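Go by the hints and put chain B onto chain A.
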Amino acid sequence: MSEKSEKVIELTDIQKSFGKGRAKVEVLRGIDISVAAGEMLMIEGPSGCGKTTLLSILSGTLKPDSGKVVVLDNEITSSTNRGLAKFRAHHLGFAFQLFNLIPSISIWENVSVPLLIQGVKGRDAKKRAINILAEVGLDDRANLLPNRLSGGQQQRVAIARALVHEPEIIICDEPTSALDGATGEHIMTILRKLTSEKNATVVIVTHDPRIHHFADRIVHMEDGKILGSSLR
Amino acid sequence: MYRLALRILFADRTRYVTLVSGIAFSTLLIVQQASVFCGLMSWTDAILRNSRAEIWVMDTYLEQVQLPRPMRDIELNRVRSVEGVKWAVPYFHRVLPVKQADGQYKMVQVIGLDNVSLIGAPRNVVAGNLEDIRQPDTVMIDDYAVERISENFIAPDGEKRDVRLGDWIDINGSYFKIGAICDANRPIYGGPYIYMTYKQAQGILSPGSRTLAYMMVATQEGADIPVVAERIKKETGLLALEHDAFSWKTLKWFFANTGIPLAFGNTVVLGLIVGAVITGQTLFSFVTENSRILAALKAMGTTNRILLNMILIQAATAALVGYGIGAGLASAFGLFVIPLKKPPFILLPTTLIIVFVVIFAIAIVCALLASRKVLVLEPDTVFRT
Numbered sequence: 024m025s026e027k028s029e030k031v032i033e034l035t036d037i038q039k040s041f042g043k044g045r046a047k048v049e050v051l052r053g054i055d056i057s058v059a060a061g062e063m064l065m066i067e068g069p070s071g072c073g074k075t076t077l078l079s080i081l082s083g084t085l086k087p088d089s090g091k092v093v094v095l096d097n098e099i100t101s102s103t104n105r106g107l108a109k110f111r112a113h114h115l116g117f118a119f120q121l122f123n124l125i126p127s128i129s130i131w132e133n134v135s136v137p138l139l140i141q142g143v144k145g146r147d148a149k150k151r152a153i154n155i156l157a158e159v160g161l162d163d164r165a166n167l168l169p170n171r172l173s174g175g176q177q178q179r180v181a182i183a184r185a186l187v188h189e190p191e192i193i194i195c196d197e198p199t200s201a202l203d204g205a206t207g208e209h210i211m212t213i214l215r216k217l218t219s220e221k222n223a224t225v226v227i228v229t230h231d232p233r234i235h236h237f238a239d240r241i242v243h244m245e246d247g248k249i250l251g252s253s254l255r
Numbered sequence: 030m031y032r033l034a035l036r037i038l039f040a041d042r043t044r045y046v047t048l049v050s051g052i053a054f055s056t057l058l059i060v061q062q063a064s065v066f067c068g069l070m071s072w073t074d075a076i077l078r079n080s081r082a083e084i085w086v087m088d089t090y091l092e093q094v095q096l097p098r099p100m101r102d103i104e105l106n107r108v109r110s111v112e113g114v115k116w117a118v119p120y121f122h123r124v125l126p127v128k129q130a131d132g133q134y135k136m137v138q139v140i141g142l143d144n145v146s147l148i149g150a151p152r153n154v155v156a157g158n159l160e161d162i163r164q165p166d167t168v169m170i171d172d173y174a175v176e177r178i179s180e181n182f183i184a185p186d187g188e189k190r191d192v193r194l195g196d197w198i199d200i201n202g203s204y205f206k207i208g209a210i211c212d213a214n215r216p217i218y219g220g221p222y223i224y225m226t227y228k229q230a231q232g233i234l235s236p237g238s239r240t241l242a243y244m245m246v247a248t249q250e251g252a253d254i255p256v257v258a259e260r261i262k263k264e265t266g267l268l269a270l271e272h273d274a275f276s277w278k279t280l281k282w283f284f285a286n287t288g289i290p291l292a293f294g295n296t297v298v299l300g301l302i303v304g305a306v307i308t309g310q311t312l313f314s315f316v317t318e319n320s321r322i323l324a325a326l327k328a329m330g331t332t333n334r335i336l337l338n339m340i341l342i343q344a345a346t347a348a349l350v351g352y353g354i355g356a357g358l359a360s361a362f363g364l365f366v367i368p369l370k371k372p373p374f375i376l377l378p379t380t381l382i383i384v385f386v387v388i389f390a391i392a393i394v395c396a397l398l399a400s401r402k403v404l405v406l407e408p409d410t411v412f413r414t
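Order-wise, the sequence lines are chains A and B. All residue numbers for the first sequence refer to our numbering, where the first residue is 24 and numbers rise by one. All residue numbers for the second sequence refer to our numbering, where the first residue is 30 and numbers rise by one.
So that you can see chain A by itself, here it is in the shape it has in the complex (with noise of 0.2 angstroms):
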C-alpha cells in the first residue's frame, strides 16, 4: 500500500440511534474512524452491526445524533439538507447494491446524471459519459436500455456513473452482492483501477469476502462498534 496521509474523511464519537423509548435501537455507539486519500477502505460486518449507517452518515445522506463528521475538510453535520446536497453532487459517487437504473432511458443517459445534477451541459454530459463508458468497456452498449444488460454490465455502468464527475470519494453500498464471484472479481478490478488512476477515495460497505483483497484496509464493524482495522 502506497504511503496515504491526508483524511479525507474524518468521523469523531459518532452516535446514532433510531426510534423513541422503549423502541430505541442505538445504532452506532461512539465511532472514530478516518479515510486517507485515495484509501480503499472496506467495512465489514455481520447484519445489523451498523455498517450502512455509518455509510450513510459519511456520504452526508443521513445526520448523525451528536459527533462530528469532516469529509474533504468540511464539517457537514451543521450543513443545510441543500448544502449537503449540493456537496454530494460534486464531491461523492454512489454504486448501489441494486445499482438504481432508471430503467426507461439508455445507458449513456443514466452515467451523465451526476453531470446534469451538476449543472453540465447536455453535450458536454453525453461525451463525457461515453468516454467514462468506455473505460468500463459499454461504450459500444451506450444507447441500451439497462435492461438490455446482465446484472454485472449495469454494475459496471453504476460505476461509470459514480465516477463520470470525477468525485473524490466514491461509495459502494456492497457492490458485488448482486453478482456471482468472477462478475464480482471483474467489477472490482475496474473499481479499483479507475479508482486509483484518478487517485479517489472508495469507501465499500460489504459482506462479501471474495473481494477483501483489493482493499487498502478493512474495518470490522459489530454491535454498533468498530472492533478493530487490517491492513492488506
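Simulated from the structure, these hints should not be mistaken for lab results. Treat the hints loosely; a few may be bogus.
Unchecked claim - As a list, the in silico BS3-like pairs of lysine-lysine whose alpha-carbon atoms are at most 30 angstroms apart:
| hint | chain 1 | residue 1 | chain 2 | residue 2 |
| --- | --- | --- | --- | --- |
| 1 | B | 402 | A | 43 |
| 2 | B | 228 | A | 109 |
| 3 | A | 30 | A | 221 |
| 4 | A | 150 | A | 216 |
| 5 | A | 144 | B | 206 |
| 6 | B | 402 | B | 371 |
| 7 | A | 86 | B | 206 |
From a predicted model like this one, the values you see are computed outputs, not experimental measurements.
Using the frame of chain A, we list chain B on its own:
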C-alpha cells in the same frame, strides 16, 4: 435535469399514454359538454337571435321569451306615444299545430311580423322572397320546419317528398302557401318557426283573442336606450327590456327552472373527477414505484426543488399534450355536428381558456400531492434494502 424529466416521461410509454389519455378524455368531456351546453342555452333565446330590437316591450309578469303573455293591441299606440320612441311594431308569437298527411299534428311557432315593415324577420332567406309573405295566405318557414313537416308530407299528386316553395300547409285549420324558406336559429322547444304578417297571424286565432305577444321598439336618434326603456315602463306599466337584458332574463329563467345546467354540470364534474383521478393515480404510482430511484437521485445530490420541478414539468407537459388532444377532438366533434345543427354546439374561446386553466391546475395539484412523498423521502433510503 428537466430535459431528463421529459425523457423519463416519454420513455415510460404506458404511463405517459395513460396520463395523456386521461387528461385528453377529461378535456374532451368537459369541452364537448360545455360547448353543447352553450349551444343549448343559445336555443333558449332563439326568437331574440332571429329578431333583433333595441327594446322589447312585454307584459309585466312575463318570465321568459318562450312564454309570452299577450297584451291588448291598444298598448301599441301607448308605447308609440312615449317620448324617445321612433317606432314600435307588433310581434305575434303562438305555438300552433300543423296538420300532417297522416292526420297527426306537429307543433310549430307562428311568428307574426309588422304587416308593412316585416321587422323581425330572419335575414337569411335561402329560398323564395320574404316580401311574398305580404301576399294573402303566404308564409315563410325555416329550414327546421322543412325538416319537421317533410317527415309526413304528401304532395297533392300523392308523391311523398320534402315540402318546398309553393306547397300548402294546414296551420291550426287554415291553409297557407310556402312563399319563402329561411335559415333561423333553432328553438329549445315549441317546434320550428313559421313567419307571416301580423294580420294573417291574427286571423288564425279565434276572434277576440289577444295577439300582441311583444312590441319591438326603436328609439329616436340620440336617445338613451335604457332611459327610453325606463320611460316606457313608467308610462305604460308594461315591462320594457333592452335586447340583451331580455336574453339574460330568459337564460336566467332556464338556469333557475330547468335541470339543464345541473345535468351538464354533473358531466363536467365527472370529467374533472376522471381527469383528477387518472392524473393523480398515475403520478402517485410513478413516485411510489420509483421511490428507490428518486432516493438514489437525492443521494447523488439532486435537491428537493429540482425533483419537485421535474415532477411538475412532467405533469405540465402531459397536461398540455392531453389538453391539446382533448380540445382538438372536441373541436372535430363540433365541426362534424355544427352543419347538422344537433346537438347544438358553440365552442367559445372562454370555454377553451377556462378548461385549460382547470386541467392545468388539476395536473399541478396532483403533481404537488404526489411529490409530497418525494420531498419527505430520505436520501439514505437508497441504502436500506
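Check: Are the Cα positions of residue 144(A) and residue 206(B) separated by 30 angstroms at most?
Finding: violated (80 angstroms)
Item checked: Hint consistency between residue 402(B) and residue 371(B) [alpha-carbon to alpha-carbon, up to 30 angstroms] -> violated (48 angstroms)
Check: Has the given pair, residue 86(A) with residue 206(B), been kept, meaning a C-alpha gap of at most 30 angstroms?
Finding: Violated. Residue 86(A) to residue 206(B) sits at ~94 angstroms, over the 30 angstroms cutoff.
Next item on the list: Decide if the proposed pair is consistent with the structure: residue 228(B) and residue 109(A), CA atoms, cutoff 30 angstroms inclusive.
Entry: violated (88 angstroms)
Next item on the list: Verify the proposed pairing of residue 30(A) with residue 221(A), using a straight-line Cα cut of 30 angstroms.
Entry: holds (17 angstroms)
Checklist line | Hinted pair residue 150(A) and residue 216(A), Cα distance within 30 angstroms | finding: Status holds; Cα separation ~21 angstroms.
Margin query: Next pair to validate is residue 402(B) with residue 43(A); report whether the Cα-Cα distance is within 30 angstroms.
Written below: holds (23 angstroms)
Hint compliance for this structure: hints 2, 5, 6, 7 are not met, and every other hint is.
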